[in-house]
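Chemist: Those protein sequence lines, which keep their order, are chains A and B. When you line the first sequence up against this note's numbering, it's residues 1 to 344, in that order. When you line the second sequence up against this note's numbering, it's residues 1001 to 1344, in that order.
Honestly, I wouldn't trust all of these hints.
Here are a few chain B residues that face chain A, going by a calculated C-beta distance under 7 Å [claimed, not checked]:
hint, residue
1, Y1007
2, V1064
3, L1099
4, S1102
5, H1105
6, G1107
7, Q1108
8, L1142
9, D1259
10, V1272
11, V1274
12, R1275
13, D1277
14, A1279
15, T1286
Among chain A residues calculated to face chain B with C-beta under 8 Å, some are [unchecked claim]:
hint, residue
16, W43
17, T91
18, F94
19, L142
20, R265
21, M276
22, T288
Now the in silico label distances, taken between C-beta atoms and shown as ranges [to be verified]:
hint, chain 1, residue 1, chain 2, residue 2, range
23, A, R13, B, E1247, 42 to 48 Å
24, B, T1091, A, A9, 54 to 60 Å
25, A, A278, B, R1335, 21 to 27 Å
26, B, G1221, A, E336, 45 to 51 Å
27, B, E1215, A, H50, 47 to 53 Å
28, A, P303, B, R1335, 57 to 63 Å
29, B, P1025, A, E193, 49 to 55 Å
30, A, V272, B, P1025, 30 to 36 Å
31, A, E193, B, T1319, 33 to 39 Å
32, A, L42, B, H1200, 25 to 31 Å
33, B, A1278, A, R2, 40 to 46 Å
34, B, P1167, A, W43, 38 to 44 Å
In case anyone wonders, no lab produced these hints; they're calculated from the structure. Backbone N, C-alpha and C fix where the C-beta goes; we use that ideal spot for every residue, glycine too.
There are 2 protein chains.
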Amino acid sequence: MRATLIYGAGDVRVEDVPDPVLREPTDAVVRVPRSCICGSDLWPYAAREHTEHGDRMGHEFLGVVEDVGSEVSGLKAGDVVVAPFVWSDGTCEFCREGLQTSCRHGGQWGAPGVDGGQGEAVRVPQAQGTLVKLPVGEDSALLASLLTLSDVFCTGHHAAVTAGVGPRTTVTVIGDGAVGLSAVLAAKRLGAERIILMGHHKDRTDLGREFGATEVVPARGDEGIARVRELTGGDGTHAVLECVGLEAAIVTAFGVVRDGGVVSRVGAPQYVNVRMDAALFMRNVTLTGGVAPARAYIEELLPDVLDGAVEPGRVFDRTVGLQDVPDGYRAMAAREALKVLIRP
Amino acid sequence: MRATLIYGAGDVRVEDVPDPVLREPTDAVVRVPRSCICGSDLWPYAAREHTEHGDRMGHEFLGVVEDVGSEVSGLKAGDVVVAPFVWSDGTCEFCREGLQTSCRHGGQWGAPGVDGGQGEAVRVPQAQGTLVKLPVGEDSALLASLLTLSDVFCTGHHAAVTAGVGPRTTVTVIGDGAVGLSAVLAAKRLGAERIILMGHHKDRTDLGREFGATEVVPARGDEGIARVRELTGGDGTHAVLECVGLEAAIVTAFGVVRDGGVVSRVGAPQYVNVRMDAALFMRNVTLTGGVAPARAYIEELLPDVLDGAVEPGRVFDRTVGLQDVPDGYRAMAAREALKVLIRP
């Protein structure tokens, strides 16, 4: 089959790889009708060291089940499924607590010996714990929105949930990428009435407004902080959803959070240290978040996607075939595209 | 009257200062039957620059009301009261939310123009919002435990509450000072069945065991981390209460926290940066806590102190008169005393 590999910064290729087959009785093999490129794929695309062998890419995909191992129940050939962006057994202590990203027998797509999602098919380890069956056919008009349950919408939701967003919470979302816009949508869905979106790409913040942002702050740094404070009577907001991953975004987050408030970070950290000094201690500011256990949220979010109450798939503004995935990376890195959908 | 001033590192003096009088209609004046020295007083005692004028010290005290301003209701001469370690109006948005440490009209004891607690009497700004009347006489045997409601027991409680401690939570407490021991007591009171106390002063950890610690880990650094992990099947504990304030304690906290767990810091930070890198992001670790809004907790904790269900006053292991406060500082700094009670 054909699949996507990265050989180093700026060097993404679509190549022939072995067809996936069942290896363990807990595996499934799925054909991939839709996958996509993640903002976090752009970090290796920007900076990965060159390798001879190449690494498989992609961690967000829908599947159509082709084959299941002997220990997999509840799934059969032809089922349409969504795969969260890590695989997990569904039975260990962490999985039962809803922290499948720390599963004792789980792992990452594209790790050595594991397929990536940006290809024609995938061997799914721990298939029963990992995959969620969707009540749609593979011609459904909802596929794009359903695909966001694999990562980006669940990641926005994780930010909102861990920050304690609810009807009485004021919210700032930092970043107008697909995660930031998903966080706006998630905060709105959880009842937040005031959502300030910090972002400076007008086409993106326009979609953010449609998703529920009540105000947009294009300014960055100290100017952006001052603007959010001005909008909130000097206090900042109860919840800040940091959807970028750069140190500057964390600094902004602490600048716009209200005393006693929560910063939730879901942007993959490109920093090591965070300034959490005595001033933040005196303000009782919390830093939470982390990698989203998407698997924990899919059943909760699915009904709203199925009935159209939310349309997170609107973050996709370009669709490519598998052969054009390298150009999809280029377009996202160049900010020509917000998020690229792949139809293999 | 006589009161305590600090003139620089190691230089604490008891001197004559003006008697407190009502200045604002929201003030009260209280005589101080008990106060104490806080672990956080040892930071300036270790490192404060020399000054000519001296700064007033002490932020934990009980009072006997002598006079109240015209706008203070609910308090009258002779009432025994406890003062939380910041004063607050009790009416602003932050106070109503239980974050009196961020009160819009509050402040710190010993700030310019404000008395410290380590003296014979105190002018209490915002007295009605600040003081809590105690149903005891000033000869009560409970005074020591009641005094801990001004700071140290509430601070331990804040650590436990913000870390989400409950019956199903495993807990590590870092630090065997008075705050650490109070955190043990608070965690036990909230139902935690397993409390690992990291501390290496045997007399203190012995009291920690009486307060509810189920295990004591005297080792520090990597060895201490390894020991806590060993005790918890490799996972660490759900909650970690960081009661020291040094960077090494924060590093230890992240080392012993379970994936998805919470580190709550209540030790006044002697650091600026915290390493919260991608590894902690992948583990969904939260850093919370901060300066404790003691005022928010006093009514909740008071009944258990009054009926003897908890005896937080056992952290006091030395009592001095006001004239001997400088020796009290010396003894605490030298670790001869755990916490020093002052009877002016």
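Chemist: All the hints need checking, so say for each whether the structure fits it.
Modeler: Going through the hints against the structure:
no.: 1; hint: Y1007; in the structure: 23 Å, violated
no.: 2; hint: V1064; in the structure: 30 Å, violated
no.: 3; hint: L1099; in the structure: 4 Å, holds
no.: 4; hint: S1102; in the structure: 4 Å, holds
no.: 5; hint: H1105; in the structure: 14 Å, violated
no.: 6; hint: G1107; in the structure: 12 Å, violated
no.: 7; hint: Q1108; in the structure: 10 Å, violated
no.: 8; hint: L1142; in the structure: 29 Å, violated
no.: 9; hint: D1259; in the structure: 4 Å, holds
no.: 10; hint: V1272; in the structure: 5 Å, holds
no.: 11; hint: V1274; in the structure: 5 Å, holds
no.: 12; hint: R1275; in the structure: 6 Å, holds
no.: 13; hint: D1277; in the structure: 5 Å, holds
no.: 14; hint: A1279; in the structure: 9 Å, violated
no.: 15; hint: T1286; in the structure: 4 Å, holds
no.: 16; hint: W43; in the structure: 10 Å, violated
no.: 17; hint: T91; in the structure: 16 Å, violated
no.: 18; hint: F94; in the structure: 6 Å, holds
no.: 19; hint: L142; in the structure: 29 Å, violated
no.: 20; hint: R265; in the structure: 7 Å, holds
no.: 21; hint: M276; in the structure: 5 Å, holds
no.: 22; hint: T288; in the structure: 4 Å, holds
no.: 23; hint: R13/A / E1247/B: 42 to 48 Å; in the structure: 45 Å, holds
no.: 24; hint: T1091/B / A9/A: 54 to 60 Å; in the structure: 57 Å, holds
no.: 25; hint: A278/A / R1335/B: 21 to 27 Å; in the structure: 24 Å, holds
no.: 26; hint: G1221/B / E336/A: 45 to 51 Å; in the structure: 50 Å, holds
no.: 27; hint: E1215/B / H50/A: 47 to 53 Å; in the structure: 50 Å, holds
no.: 28; hint: P303/A / R1335/B: 57 to 63 Å; in the structure: 60 Å, holds
no.: 29; hint: P1025/B / E193/A: 49 to 55 Å; in the structure: 38 Å, violated
no.: 30; hint: V272/A / P1025/B: 30 to 36 Å; in the structure: 52 Å, violated
no.: 31; hint: E193/A / T1319/B: 33 to 39 Å; in the structure: 54 Å, violated
no.: 32; hint: L42/A / H1200/B: 25 to 31 Å; in the structure: 47 Å, violated
no.: 33; hint: A1278/B / R2/A: 40 to 46 Å; in the structure: 31 Å, violated
no.: 34; hint: P1167/B / W43/A: 38 to 44 Å; in the structure: 41 Å, holds
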